[in-house]
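Going line by line, the protein sequences match chains A and B. Its first residue numbered 586, the first sequence is counted upward by one per residue in the numbering used here. Its first residue numbered 586, the second sequence is counted upward by one per residue in the numbering used here.
Check each hint, because a few of them may be wrong.
[Unchecked claim] Taking lysine to any residue and the SDA-like style, the derived pairs with C-alpha atoms no more than 25 angstroms apart in a straight line are:
| no. | chain 1 | residue 1 | chain 2 | residue 2 |
| --- | --- | --- | --- | --- |
| 1 | A | Lys632 | B | Lys632 |
| 2 | B | Lys971 | A | Gln734 |
| 3 | B | Lys971 | A | Lys1002 |
| 4 | A | Lys971 | B | Lys632 |
| 5 | B | Lys605 | B | Phe775 |
| 6 | A | Lys1002 | B | Lys632 |
By construction, these hints were calculated from the structure, which means they are not laboratory data.
Below are the chains, spelled out letter by letter.
There are 2 protein chains.
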Amino acid sequence: MSRVFRRFSSTITLKAAPPKAHFHRALPASSFPKGYLVTGIHAGVKKKPDVLDVALIVSTSDHPAAAAACFTRNAFKAAPVVVSEQILTQNRGRARAVVVNSGCANAVTGRQGMDDAWAMVRETDALLPPSTSPAENHTLVMSTGVIGQNLPISKIVQGIRSQATPARSLASDFSAWERAAQAFMTTDTFPKLRSRVFTINGTEYRMAGMDKGAGMIHPNMGPSNALHATLLGCILTDAAVSPQSLQNALTYAVERSFNSISVDGEMSTNDTILVLANGAAAAKHDGKVVEIDEETDKEGFEIFKSELTQFAVELAQLVVRDGEGATKFVTVNVKGAPTYEIAHRIASRISTSALVKTAFYGEDANWGRILSAAGSISVPGLNPDKVSVTFLPSDNTASLPVLVNGEPESVDEVRAKEILSLEDFGICVDLGGLGNEEATYWTCDFSYDYVRINGDYRS
Amino acid sequence: MSRVFRRFSSTITLKAAPPKAHFHRALPASSFPKGYLVTGIHAGVKKKPDVLDVALIVSTSDHPAAAAACFTRNAFKAAPVVVSEQILTQNRGRARAVVVNSGCANAVTGRQGMDDAWAMVRETDALLPPSTSPAENHTLVMSTGVIGQNLPISKIVQGIRSQATPARSLASDFSAWERAAQAFMTTDTFPKLRSRVFTINGTEYRMAGMDKGAGMIHPNMGPSNALHATLLGCILTDAAVSPQSLQNALTYAVERSFNSISVDGEMSTNDTILVLANGAAAAKHDGKVVEIDEETDKEGFEIFKSELTQFAVELAQLVVRDGEGATKFVTVNVKGAPTYEIAHRIASRISTSALVKTAFYGEDANWGRILSAAGSISVPGLNPDKVSVTFLPSDNTASLPVLVNGEPESVDEVRAKEILSLEDFGICVDLGGLGNEEATYWTCDFSYDYVRINGDYRS
């Protein structure tokens, strides 16, 4: 899949990204969580007619859904981030709906931007059935797209209002979930939607999630404060989890998933991952929903945390897979580290290095660049003579050591090229017994298309 | 200077880098420092015949030259970095020669690499006239090029030895300096050579310097420990400066020059800046050279430090100008910061952002990306509502505010495009009165050519 062009005196091979449409596929209706109505509509934020740009997710469960979030740590937080954070705090970790728009980030939009984000919240609140909750607002809001432009708010308001009419498209079937996922997309080439069925204490639960990424992807999110990239994600489950435990599980999961991916090393003003747990499938005790809680049901909580983490990894990997211009999917593992944080920092540095990523694009086993990137992180006690680097093919053939205990191997370049020509491969950097901690990062390559997409994004 | 190609369904405009040859020009012989013999030769590290790959710089001054250096902070320091650091320490800041090779970095080359670096030192030592110095070695060594491959050391040794014969090319005229600068080059498109005449306490001195860069450029060097990128630079002066004062002046200068530029955000295993001060033009007192010293001649030292800093900025800017694939030269100024360090970190983050740099390439005034990059640095007390961003044209026409006190301006896109279509322009980010400190960074854009050059560097 490549074509050759002559450029001035030199020749450029423009390698196309591999086809990605197959990463989106129909999912069984039974795998979606109970008690949610969702849709995606065309409100008019995006110019092209019929391109979906507003997603709505509404919990219809009687149980007030617990909600948790990880937000960008960027100093210039977009209005929807500020508003969602505020609502989550006011409601002590409860929310009943999520509204999302793509096409405009509502970031660095001054006072008008705050008004617009609140307008989206209030309009979505108006769609909800009456509840006994004392909370004033029930909806969390996310936006993604261009920074520094105001939302066409009257179009968005009108779009949300259309869901109060009999003609509304809010539903719970696969195609409704698919529409919602589509409305998240910006430069994404396929909607990112996954679902999962799991069991805790004999009860079956489900979770579904959608996210979007493509560019500005290098999240760094924490509890109520931590992503970098316009990465938006929303996970919905019909399990019942207490708000604090839900936040703890999400924080753990995000660190090992969305905070362990990089497309271009950019932290966005809007990065947000939300999770709602509406308890629609929860077992009841004396007619009341029992929430999974870290304090009272450690075992159940650990299962939930593990399921959420695996699911978040799956969603996060889709973002890398669809990274702007990406032709490769690379797993970077750093082991033998004294702490998880150090392993994570080194994996992150390798995953964001422009030189490493252009070498991936060129299918060049340039391990010197990998080592050079790793070495820019200061690691107390690191002995370069103990460090090893190995390339790991994804096709179950033999791995290829290129550096063993600080000494370069005589590398079979043909074999190296063979591994790097795969769409998926891995790299392992072993720090040589500084400790037993390890971290994994997922990244893509840096191609001509990344430059093309971002050299002319606004027009 | 652009051509259009059709790529699958989309069209790519491959914009060529502007011509850069005019940044190299003949310099007056009188502007070069006295007491140095220099040359560049083809030893055979590079395959193409007649391409220069080894530079030699020898001080012929009776006064033992003071030497100072800033080295990479990378954990995987190349052999020449380790060796030069050791010699500098052993000699208490004195050295009489410098040997440089391009084409192979001698990095991550294990024990053989160390032996090779020492061999380069010993061979160059053998060229020097006898001296009364008790030091065992007199030569500092630098290498740049591919990581993880051993030097063709016998070719290099033979090349250095050729300078002990009557046919040697070591000389002090412009063309000898030009040859030395040429031998530094890797993917550089022009040799980077500058000279300068200055006066301290009525005595006229000179300095000349050469450097190389192109890729892996984001230095972070400190006293005997601080660059990131394969940036090599060497500054020679005929002033006499005491070793400690020379190191202090260099550390200050490097922070505000080589540590304030970025091509691709990569810290190299080899980054090194050296300075020799051989005192060949120094005033003598009772027949003895008097060295400029911070303690005994504060005023003279400050003049020297200022001259060295301005000169280092000039050399550093040439590296950005010739950044791999660069079509733009952008000055990033951050002001109103509480400390220089914070201003420097924000300027650095903006200067390394792939999204900001691809927008520069696309001549897109996407200030949202600038702000988003700035915001990823944590600044205590920062109030987003006080922040302003301005585009500064280099042609003395009016500047263009795009964000004023946190509120986006209604930007004249035609005017914005006009500024960004210049080869040189600037950006000012004002943090809004958090303090009075400021920092300046120089960066380039991120183009198709960067990907082309680095996607296929080794072959």
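Now the hints, each set against the structure:
no., hint, result
1, A:Lys632 to B:Lys632, "violated, 55 angstroms"
2, B:Lys971 to A:Gln734, "holds, 18 angstroms"
3, B:Lys971 to A:Lys1002, "violated, 52 angstroms"
4, A:Lys971 to B:Lys632, "violated, 33 angstroms"
5, B:Lys605 to B:Phe775, "holds, 7 angstroms"
6, A:Lys1002 to B:Lys632, "holds, 23 angstroms"
Of the numbered hints given earlier, the model fails hints 1, 3, 4; all others are met.
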